[in-house]
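Okay, here's what each chain looks like letter by letter:
Number of protein chains: 2
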Amino acid sequence: MYRPEIKVIDCTVRDGGLMNKWHFDDKFVRNVYLALCEARVDYMEIGYLSSESAFSRSEVGPWRFCGEADLQRVLLGEEKRIKLSAMADIGRIEQEDILPKSESSLDMIRIACYVHQVDAAIALAHHCQDKGYETTINLMAVSTVGPRDLNEALDDLGKSRVPVIYLVDSFGAFYSEDIEVLTKQYMERLPGKTIGIHAHNNQQLAFANTITSIISGINFLDATLYGIGRGAGNCPLELLISFLKNPKFKVRPLIKVIEEDILPWREKIDWGYFIPYMVTGVMNQHPRTAIAHMESDRKDKVLEFYDQTTSALEG
Amino acid sequence: MYRPEIKVIDCTVRDGGLMNKWHFDDKFVRNVYLALCEARVDYMEIGYLSSESAFSRSEVGPWRFCGEADLQRVLLGEEKRIKLSAMADIGRIEQEDILPKSESSLDMIRIACYVHQVDAAIALAHHCQDKGYETTINLMAVSTVGPRDLNEALDDLGKSRVPVIYLVDSFGAFYSEDIEVLTKQYMERLPGKTIGIHAHNNQQLAFANTITSIISGINFLDATLYGIGRGAGNCPLELLISFLKNPKFKVRPLIKVIEEDILPWREKIDWGYFIPYMVTGVMNQHPRTAIAHMESDRKDKVLEFYDQTTSALEG
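Protein chains in written order, with our numbering: chain A, 1 to 315; chain B, 1 to 315.
Errors might be hidden in some of the hints.
The list makes no distinction among identical chains, and a pair is therefore deemed to hold if it is satisfied within one copy or across any two copies.
[Said to hold, decoys possible] Here are the simulated DSBU-like pairs of lysine-lysine, each with C-alpha atoms no more than 35 Å apart in a straight line:
| no. | residue 1 | residue 2 |
| --- | --- | --- |
| 1 | LYS268 | LYS299 |
| 2 | LYS248 | LYS301 |
| 3 | LYS268 | LYS250 |
| 4 | LYS268 | LYS27 |
If you are wondering where the hints come from, they were derived from the structure by calculation, not from laboratory data.
All of these numbers come straight from a predicted model, not from anything done at the bench.
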């Protein structure tokens with residue numbers, strides 16, 4: 001599949017950081033950055049943009065903040081070779097803490113929101129655009145949103161100046177048929193806008209659903225190295241780049257950084273296909289209960305987790 | 001997706017056995033059998049059917065042979081609650097070593113063959129049918145077969161009495177679009193026959209490709225518990241059963257047997273998504289080089305494997 005409009009956004013540090021509170025050291029982040037430059041990936045999402053008052057630096061790593069000084073420790077004053085993105089959560093960043101684009105190494109700010117936060121997200125995105133940034137709005141957990149609420153949110157987004165709207169399968173609950181139907185709905189309700197996809201791998205469908213979304217017309221594609229990310233993780237970047245036929249992309253730098261920097265994290269954190277994540281995906285639930293189970297000393301007691309999760313539906 | 005014609009074939013012992021030379025003990029095989037009975041899976045493929053002269057029992061476990069005495073140690077003389085299948089390789093089983101159906105606990109014999117072995121496969125399948133068995137022919141490695149050869153093989157299979165023909169993605173090389181095109185081709189060339197799918201997970205597409213095949217009209221579906229199988233493994237049975245909407249199927253017994261009998265094997269053998277398997281899948285190659293790499297002490301040297309595999313294409 002080669003379509004010049006397609007852009008690939010690596011979310012390794014941002015989404016992977018959800019599993020280790022963004023405690024990636026500078027060398028790790030720089031190595032990922034250099035690999036993505038060599039692979040010619042379009043954007044690196046280097047973390048979340050948060051006000052310093054929203055979290056404590058003694059608890060979470062620098063990529064929860066993405067201050068300009070944090071970014072400079074990775075860029076080392078060199079000219080940037082790919083675009084940098086950061087994600088902002090509603091309520092965790094004050095508008096006055098966002099630097100004008102001219103003083104920042106960030107190119108794009110992506111606003112993550114739930115359906116009831118769409119108005120706040122649009123306001124924040126417009127603020128970022130007015131400061132000079134590219135923006136997207138990533139509408140999360142749409143697998144739990146009813147059709148009327150979703151259409152209303154899409155209509156509001158359609159009237160905004162935000163150029164890119166994301167379809168986010170937060171719970172890894174969608175099959176490819178869902179992606180086809182939703183992509184059609186997004187494209188109809190959001191004429192003239194670019195649509196993005198962010199998939200989770202609870203049912204081993206993140207890559208497949210990303211392919212389906214490409215075929216359906218989606219052009220902004222999120223992925224992470226070796227699929228690292230919250231819970232079951234994301235669409236693996238190395239698979240996506242191998243699939244895309246744009247000759248500019250290179251796979252080898254991705255394999256190299258996976259060997260040197262990602263595989264060591266496999267010893268410390270469990271992302272990927274595990275039964276608890278599969279269960280929350282099939283049941284269309286937030287993965288937090290599965291993550292808590294995986295972090296407990298009963299991680300292999302998968303039947304217990306299944307029984308707890310399914311019995312909560314009864315009575 | 002609910003379609004009464006759909007049959008699910010568990011290949012845990014047969015395909016998983018490719019990773020441990022079928023050294024599953026009787027308790028393991030019985031537990032898998034009981035779980036599949038409770039889950040109401042249609043068939044259990046319990047191993048390969050081989051002549052005793054083809055292998056040595058001091059080297060490979062009993063499920064490389066599937067002698068009637070082996071099967072009885074699992075069934076314990078009880079009435080069977082699901083159908084049993086065994087796979088036969090051309091050249092590894094003499095016709096005279098196949099019992100008449102009336103003396104065997106097997107219900108189905110599946111003949112695996114490459115495209116140049118189709119005539120031999122049809123002869124063996126007809127022999128098995130004449131002895132009273134259900135049969136299938138599983139045409140392997142079609143991702144490496146040219147269109148003229150494939151059409152010729154399909155036409156020969158179409159003229160046979162064999163009722164079920166399998167589309168086999170031996171190398172985990174196919175994307176869903178390939179599955180759609182091939183399913184259409186199989187159905188056109190094999191009117192009146194049932195088509196099956198056996199997918200491998202090198203690119204995390206085994207489950208997705210199985211879903212695509214169902215939507216395209218395929219009715220015999222192979223899967224294994226937790227995806228255990230050669231190299232990257234297979235379509236995970238627990239995902240497939242969760243997807244199929246036939247209310248007869250139960251997921252809980254599968255989760256239970258995964259916890260008790262499959263997870264312990266994760267400590268001993270590496271199946272699933274690993275970069276070497278991804279590389280052979282993307283490159284449409286047999287996984288044997290990747291398996292050898294994964295069994296070596298350089299398993300995490302994935303860049304070395306990538307370089308060796310891709311440089312073999314040059315010069």
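Consistency of the hints with the structure:
1. Taking identical chains as interchangeable, the C-alpha atoms of LYS268 and LYS299 lie at most 35 Å apart whether they share a chain (14 Å) or sit on different chains (18 Å).
2. Only between protomers do LYS248 and LYS301 lie at most 35 Å apart by alpha-carbon distance; the minimum there is 25 Å, versus 45 Å within a single protomer.
3. Both within a single protomer and between protomers do LYS268 and LYS250 lie at most 35 Å apart by alpha-carbon distance, with minima of 28 Å and 34 Å respectively.
4. Both within a single protomer and between protomers do LYS268 and LYS27 lie at most 35 Å apart by alpha-carbon distance, with minima of 17 Å and 33 Å respectively.
Going down the numbered hints, you'll see the structure goes against none, and every one checks out.
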